[in-house]
Amino acid sequence: MKNVKTNLQHFAFFAATTLTLTACGNESTTATTEGTTDMATEGQEQDTAMMTGGQIGGMMGHMHQNMQEMRSMRAQMTGDPDYDFALLMARHHQGGIRMADEEIANGTDSKLKEIAQRVKQSNQEEIQQLQTFTSKHTPTKADTATTMRMMHPMNRMMQQMHQQDMSGMNTDQNFAAMMVHHHQMGNEIAKEFLKTGKTQEMKQLAQKTIDQQTKEINELETWQQQNK
Numbered sequence: 001m002k003n004v005k006t007n008l009q010h011f012a013f014f015a016a017t018t019l020t021l022t023a024c025g026n027e028s029t030t031a032t033t034e035g036t037t038d039m040a041t042e043g044q045e046q047d048t049a050m051m052t053g054g055q056i057g058g059m060m061g062h063m064h065q066n067m068q069e070m071r072s073m074r075a076q077m078t079g080d081p082d083y084d085f086a087l088l089m090a091r092h093h094q095g096g097i098r099m100a101d102e103e104i105a106n107g108t109d110s111k112l113k114e115i116a117q118r119v120k121q122s123n124q125e126e127i128q129q130l131q132t133f134t135s136k137h138t139p140t141k142a143d144t145a146t147t148m149r150m151m152h153p154m155n156r157m158m159q160q161m162h163q164q165d166m167s168g169m170n171t172d173q174n175f176a177a178m179m180v181h182h183h184q185m186g187n188e189i190a191k192e193f194l195k196t197g198k199t200q201e202m203k204q205l206a207q208k209t210i211d212q213q214t215k216e217i218n219e220l221e222t223w224q225q226q227n228k
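Just so you know, we're using the numbering used here here: the sequence shown kicks off at 1 and counts up by one.
None of these hints come from the bench; they were simulated from the model. Incorrect hints may have been included.
Claimed, not checked - Below, simulated DSS-like cross-link-like pairs (lysine-lysine); rule was C-alpha separation at most 25 Å, straight line:
(1) K203 / K136
(2) K203 / K215
(3) K215 / K113
(4) K208 / K111
(5) K136 / K195
(6) K198 / K141
Stated by the list, open to error - Here are the computed distance ranges between Cβ atoms for each label pair:
(7) S135 / K228: 40 to 48 Å
(8) A105 / A145: 36 to 44 Å
(9) H137 / G168: 42 to 50 Å
(10) T78 / Q226: 43 to 51 Å
(11) K111 / Q200: 14 to 22 Å
(12) Q207 / G61: 28 to 36 Å
(13) K198 / S167: 41 to 49 Å
(14) T222 / T78: 35 to 43 Å
Please read these numbers as outputs of a predicted model, since none were measured by experiment. All C-beta atoms in this analysis are idealised placements derived from N, C-alpha and C, irrespective of residue type, glycine included.
All chains should be modelled from the sequences, with the hints used to inform the complete structure.
Rendered as structure tokens:
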């Protein structure tokens, strides 16, 4: 457990250092280069921080994996807000499914296992909708600076996530804590998309995601208050 706590301290130090360096360099970069460079630099620092104390497992590990997967999608961004949102949200939902599967397999609380089942089902359904959209929608090539902003909440969520002391938590407590962060990040991505989204289909799906995940965040936070 001490190793896990050490991992988080190392990670928080590197994340804070990255944010400081990024802030200093912003003044001399263009909008497009700024978004891409910041994400790439931060990703490298986060990977380094993880390796200093060994691989992080459990729900925290699933969050790291999901963020790395989403960060790796920079090269796939087209500048088309609807297409890029569909790609990004489908990958985000895959991380939610992995956390839900772990809670279903190893959790003991009936309420959280029910929430996990619901998360898994809704995410699978939305992934299918998102993938169907990308298969039929021809993206309009544009400046990716706008759509890259959908990735920015990951940096803030990562910071907040590592301010929590996860030591001593069981699977249920880990699931509740990490799924709150996961849903908050998804909501921020969807809200950023709604500023520039074009198609009614994706805008409706983004709002549906926000509504559903906000409801689940409230349920999870209520459970946390009752099970401190």
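> Checked against the structure, which of the hints given earlier come out wrong?
Replying inline: Number 11 - this is the single hint that the structure violates.
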